[in-house]
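With the sequences and hints as input, model every part of the structure.
Protein sequences, first through last, are from chains A and B.
When you read off a place in the first sequence, starting at 1, and then add 1123, the result is the number in the working numbering.
When you read off a place in the second sequence, starting at 1, and then add 1123, the result is the number in the working numbering.
Heads up, some of the hints might be wrong.
Since the list can't tell identical chains apart, any single copy or any two copies may satisfy a pair.
Okay, derived cross-link-like pairs now, SDA-like style, lysine to any residue, Cα gap no bigger than 25 angstroms in a straight line [to be verified]:
no.	residue 1	residue 2
1	1375	1170
2	1375	1265
3	1375	1230
4	1375	1199
5	1375	1423
6	1375	1425
7	1375	1344
8	1375	1420
9	1375	1152
10	1375	1144
These are computed hints drawn from the structure, not numbers from a lab.
Protein chains: 2
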Amino acid sequence: MTDDVDALARQVVEGSPRATARALTWVESGGPRAEALAARLYRHTGRAHVVGITGAPGSGKSTLARALARVARGRGRTVGILAVDPSSPFSGGAILGDRIRMNDLALDPGVFIRSMATRGALGGLCRAAADAIDVLDAAGRSLILVETVGVGQDEVDVMRVAHTVVVVSVPGLGDDVQALKAGILEIADLHVVNKADREGADRTIAELRAMLTLMPLVEETWMPPVLGVSAAREEGIEAMADALEGHLAYMKTSGEADRRRRRMVAARVLRIAQDLVAATLLRPDALEAQGSEATTLLDRVLRREVTPHAYARALLTRMGERTPDV
Amino acid sequence: MTDDVDALARQVVEGSPRATARALTWVESGGPRAEALAARLYRHTGRAHVVGITGAPGSGKSTLARALARVARGRGRTVGILAVDPSSPFSGGAILGDRIRMNDLALDPGVFIRSMATRGALGGLCRAAADAIDVLDAAGRSLILVETVGVGQDEVDVMRVAHTVVVVSVPGLGDDVQALKAGILEIADLHVVNKADREGADRTIAELRAMLTLMPLVEETWMPPVLGVSAAREEGIEAMADALEGHLAYMKTSGEADRRRRRMVAARVLRIAQDLVAATLLRPDALEAQGSEATTLLDRVLRREVTPHAYARALLTRMGERTPDV
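In structure tokens form, the structure reads like this:
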């Protein structure tokens, strides 16, 4: 396996789209192979600007991501788009991916589009999304757009992988209120009101600005801009790209980039730990499957020679010690 | 702390109600003290018959538990009642406990009543419920009734601590269908139709029996009885107590008791492991709070000398190794 992992990691770092696609399939599946690959790629990461795009369903996040990718390409950047759907039990890979591939972006090797859906626990998806971002980062994509399908606590969790979070609203329908309820407005570094050509756009923009003055800011010295755009008409997207670059520059000069990177890595480590435990917990016969040593320990717990707590700690230790095949 | 824990454990095993109440407060709060106490008490457990009582809200589970406790007392048994509410963010201790204490059972030292509500994650509640059962078991209660307030997946999880699961239905209102949806009928060892003096009780009993013939059984050779009772009028409760004893006897002779105990302990170990990780995960600054060693590791991850995966494994190992103060 080591040879395979080494070869694939090398091809990813060289920027091969085919190797990148394969690496994404690996990290999506999880397991020791994915972990070994992620370990190889990790040192090649940290260069991309990761932008999260979230908002209510129907707010046009997918169209917006594509419009933004086109503008970024015009500025000489390479782009990776990751569409994450925590609510779907299916892999959206085929459906969403194929739909997206049918437009002009698919012909540009400078844009790589991939969708990921829930596999088991959300923790697993967050872990996989973070690893997938690393793959795209190591492959040299300088702008990575992470787009969620819905809005809710799950999406907020997914957004924690981003350097810059864009919250998308649309005029009317009380979508802004819905987003506020989900606590998603609070994580915004940039607000975008899409479909700004629609009636009521000005009011939505004004309401968002008013709401922001009442809210605790993510960072004390950064007031999230509120921009009106039309993703479908490709209007206002250059200004949005400017705002994203502005936020990245602010992050670097203010030291917030370091603080946020620190929080992101800490959250990621904890998510991986949770994922390792969940992978064990989700199987009813998990303990029996650990082999004879575990069965013996279980027998000793049943004879009340060992407490369940002591066994649980032994289990965590063993999970921690299991050396991945690297 | 060791002296405190030793003294309290000794008093619990001697059957002191005051010590039992204090021990329950400890295990409900969790943490190293709770774990040390649970470790002390564990060897004194395994004698009680643990009966889970679940069903739709308003089906009279609480009244049923009290009626059953009264009958069990008449048969010379000591009883512990644990009311678990996964849906409440408050400790129901005062409210529910006080309400229950106002009836005649409160005057009988042979019946110990306690309620527990959600504290943080459900995993924590399941862990605490299992530990609380151990406290009552070690204190010599020979029948422990675990009652849930609602019905749903959370309650199904709570029920996994029981040797015998009673599902309570009431005539009409489609409650049985509601319970079926939640998958709770499938875990029943005994069906009780409460308020059997009401119109439609016979039909509900017949429907349940018909449904059972279509369902996969928990155990191949045990067909769950369906009993009509009236908890408020204390009718049919002796038959219910007989059925519970019958199930316990069946479990022992069939070997199912051993199989189930094995599954229960395995599930409990995994829950404790999950709880340990969740306790870390729920704090955003958890990694920073682990001290300078963790901060150094985090710095190394940020410098990309260590991968997040390797750090996560180190974290699990450390959680496993942290020796509780025993």
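(message) At most 25 angstroms between alpha carbons: which applies to residue 1375 and residue 1144, within, between, both or neither?
(response) neither (31 angstroms within a copy, 55 angstroms between copies)
(request) Give the relationship of residue 1375 and residue 1265 under a CA distance limit of 25 angstroms: within one copy only, between copies only, both, or neither. (result) within (16 angstroms within a copy, 65 angstroms between copies)
(request) Have a look at residue 1375 and residue 1344 and pick one of within, between, both or neither, based on CA distance no larger than 25 angstroms. (result) within (13 angstroms within a copy, 68 angstroms between copies)
(message) Reference check for the pair residue 1375 and residue 1425, CA-CA at most 25 angstroms: within, between, both, or neither?
(response) The answer is between: 15 angstroms across copies meets 25 angstroms, while 56 angstroms in one copy does not.
(request) Classify it for me, residue 1375 with residue 1423: is the Cα-Cα distance of at most 25 angstroms met within a copy, between copies, both or neither? (result) between (55 angstroms within a copy, 20 angstroms between copies)
(request) Go through the copies and call it for residue 1375 and residue 1170: within, between, both or neither, with a Cα cutoff of 25 angstroms. (result) Within. Shortest intra-copy distance 13 angstroms satisfies the 25 angstroms Cα cut-off; inter-copy 63 angstroms does not.
(request) Classify it for me, residue 1375 with residue 1199: is the Cα-Cα distance of at most 25 angstroms met within a copy, between copies, both or neither? (result) Intra 21 angstroms, inter 73 angstroms, cutoff 25 angstroms: intra-copy only.
(request) Measure nothing new, just compare the shortest in-copy and cross-copy C-alpha distances for residue 1375 and residue 1152 to 25 angstroms and report within, between, both or neither. (result) neither (34 angstroms within a copy, 43 angstroms between copies)
(message) As a check of your reading, is residue 1375 near residue 1420 (CA-CA no more than 25 angstroms) within one copy, between copies, both or neither?
(response) between (51 angstroms within a copy, 23 angstroms between copies)
(message) Cα distance capped at 25 angstroms. Does residue 1375 pair with residue 1230 within a copy, between copies, both, or neither?
(response) neither (34 angstroms within a copy, 68 angstroms between copies)
The structure is inconsistent with the numbered hints 3, 9 and 10, although it conforms to all the rest.
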